[in-house]
Amino acid sequence: MRILVVEDDKDVAGFVVKGLREAGHVVEHADNGRDGLFLAASEGFDAIVLDRMLPGGIDGLRLLETLRAQDNNTPVLFLSAMAQVDDRVKGLQAGGDDYLTKPFAFAELLARVEAMARRGKGEGPQTKLVTGDLEMELLSRSVKRAGQKIDLQPREFRLLEYLMRHAGQVVTRTMLLEGVWDYHFDPQTNVIDVHVSRLRQKVDKPFPTALIHTVRNAGYMLRPEQP
Amino acid sequence: MAGEATIAKRGGAPQGGAKRGGLLPRIGPLVPERVLRSAGVRFGVIYAGLFGLSAFALAVFLWWSTAGVLERQTDAAINADSQGLSERYIDSGVGTLIETIDQRLAGNVDDDAIYLLTDAAFHRLAGNLERWPPQVTMDDEWSQVDISRAGIHGLARVRQFELLGGFHLLIGRDIQARAQMRRLLTDALIWAAGIALILGVSGAWAVRRLFGMTIADVSATAAAISAGDLTRRVRVTGHGDEFDDLAETINDMLERIARLMDGVRQVSNAIAHDLRTPIARARARLEDAATHAQGEADLRAALERAQADLDGVTAVFQALLRIAEIEAGARRSAFAAFDLAPVLLDLADLYGALAEEKGLLLRADISASLPSFGDREMVQQAVANLLDNAVKFSTPGSEVVIRARADGHVTLVAVSDRGPGIPEADRDHAAERFFRGEAARSTPGSGLGLALVQAVAHLHGGELRLEDNEPGLRAVIDLPTHPTLSAAEDGRASLPKPIGENATPGRFWT
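Chains as they are written, first to last, in this note's numbering: chain Z, 49 to 275; chain S, 217 to 726.
Treat the hints with care, since some could be wrong.
[Stated by the list, open to error] No more than 27 Å apart at the CA atoms, straight line, and that leaves these computed lysine-lysine pairs for DSS-like:
#1 Z:Lys253 / S:Lys574
#2 Z:Lys250 / S:Lys574
#3 Z:Lys176 / Z:Lys250
For the record, the hints were derived by calculation from the structure and aren't laboratory data.
Full structure from sequences and hints, please.
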């Protein structure tokens, strides 16, 4: 993917650019709002990582608003030290697709950028999700693995649905909390782990291979067994 | 009032800062340039003005209804007389007129009637005046003249007529007595004006004093507080009047300021202590690794641990900032109506799995629908914190219960467990930032969970109460069901009451 990073802090920018390149992406970097806007408007990117407070007269919000006014719908993730609830709301209202506050773990950033960029592709409404031998019928809300029916609670269904929609990607605990439960706070205990382990009991335990994998220091990933 | 405040402010800062003992209420002796700006003086002057105006109106009315009436009566009597006499003259001629005048004079008991009939050359034909008074000229119909009749001097109001045939007729009334009464009345009114002036001025002075005394306490309190003594409060007299209302409002405001200041102080202390510790630990790990690490694996492990320490510091920071954000009340703009019941069921579902994992049973006893008004996200987080605590401190095999029901204007949400609970002595402090009870020492956590819950409860005009669940802890928060209520209670309800103050064990949930 081609990703634009607009960030003025040299250390943070270097860390993010390096990490994204290591993950196999092509990365451009701008250290002020003016250059960032120019790049974003003139070249096609799959995703933009945007700081809110930028030098050069154009801050992150202005940049995004200008971009959206030009009908440019590149997915944008805000990366900001402004962590108040209202700040997040403002960022999303301006057209941001996701909001991550500093300090952050790189794994979280990577997972969110990848999830966001894929979502931006817009695959159209689906009625069936398939990962390996796992099948999910979204209309009848039924799940089968290797032809065998699996009974899930509504919440477990939504959790699995989220994982399947992001199959092959790392999904962090916060992403699950936001995407499945719509909670925007950090629970002190890792309640998510418990729910994932319950889901594993039903989806993975009765079968020879596991589909739900734990990614150390990051989160989870649903992927078919490697050939 | 505004003038008073500005003065107090202007004069207050340097003086108050320099000399704390020299703080006096700013309703002191009046310096000339202050007089005009003093609200007390203004009220006094307004009082005096109103008093003077009333007295003047009263005097005018008194004059009009006494002296005025007499005057009008005299004129009416003269007019009636002339009417009668002229009829006689027209009917029967001058002879009858003379007769009638004589009759009237004879029948005049009060001896105040004055008649004079003369011929064209002003020779007297009848009447009780010797001669035509020189002041009565042909120009004025009505006049007031000095007269002398039968040796008595007097004052009379007269009207002259010219009759057909060249006769002159003068009809009048002696008004000597009336003039005297009028003088008396004038004297009395002048005296009354003097008394009114004295009363008005002293009344104005009293009003100013009274006003000064009433706000002296407010002023003194404000002065003491601007000098740094935040414990001072305005005295509430207990009369339940407007000034008591004002005093209470000011005290409420001071409570809130004190609480915010306290929060700032607590956060500073926290940064000094509770954040310094994990930072020191991370630093020690890094330095230790830099000097003593044997190989890359060792170094990596140390780095990861330090990273985890810093993540912990970040989490504490975030929680502190969130609490500060809530306490500042900025989130009130995001208030909306929502149904609390599904929100709570969702949370019970989220934590139910965790409870099960720990061998606990989480039971939800929640009304089908709980219309509420507030910030859904904040309430979620607050209840999540309570559930988190309950699950964390419960002993395996016990039960955690979340109950919610509407109670009049509030929705009560209670989370109870069978854990060690909080000793009575600690309950008042349990919701302070970084408070960690005996039982919590060994468990992970920042000591900010209940502080956030309390901040959320206060934001919604409610309270967090910690009660004895015999055994265990029951945490109860109340949230408003309607926007109007929360707005009306806004000021007062968001004041901190020590937790546990209202905690009647079992009051709500037995």
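Going down the list of hints, with the structure as the test:
no.	hint	verdict
1	Z:Lys253 / S:Lys574	holds (20 Å)
2	Z:Lys250 / S:Lys574	holds (19 Å)
3	Z:Lys176 / Z:Lys250	holds (19 Å)
Comparing the model with each earlier hint shows no violations; every hint is respected.
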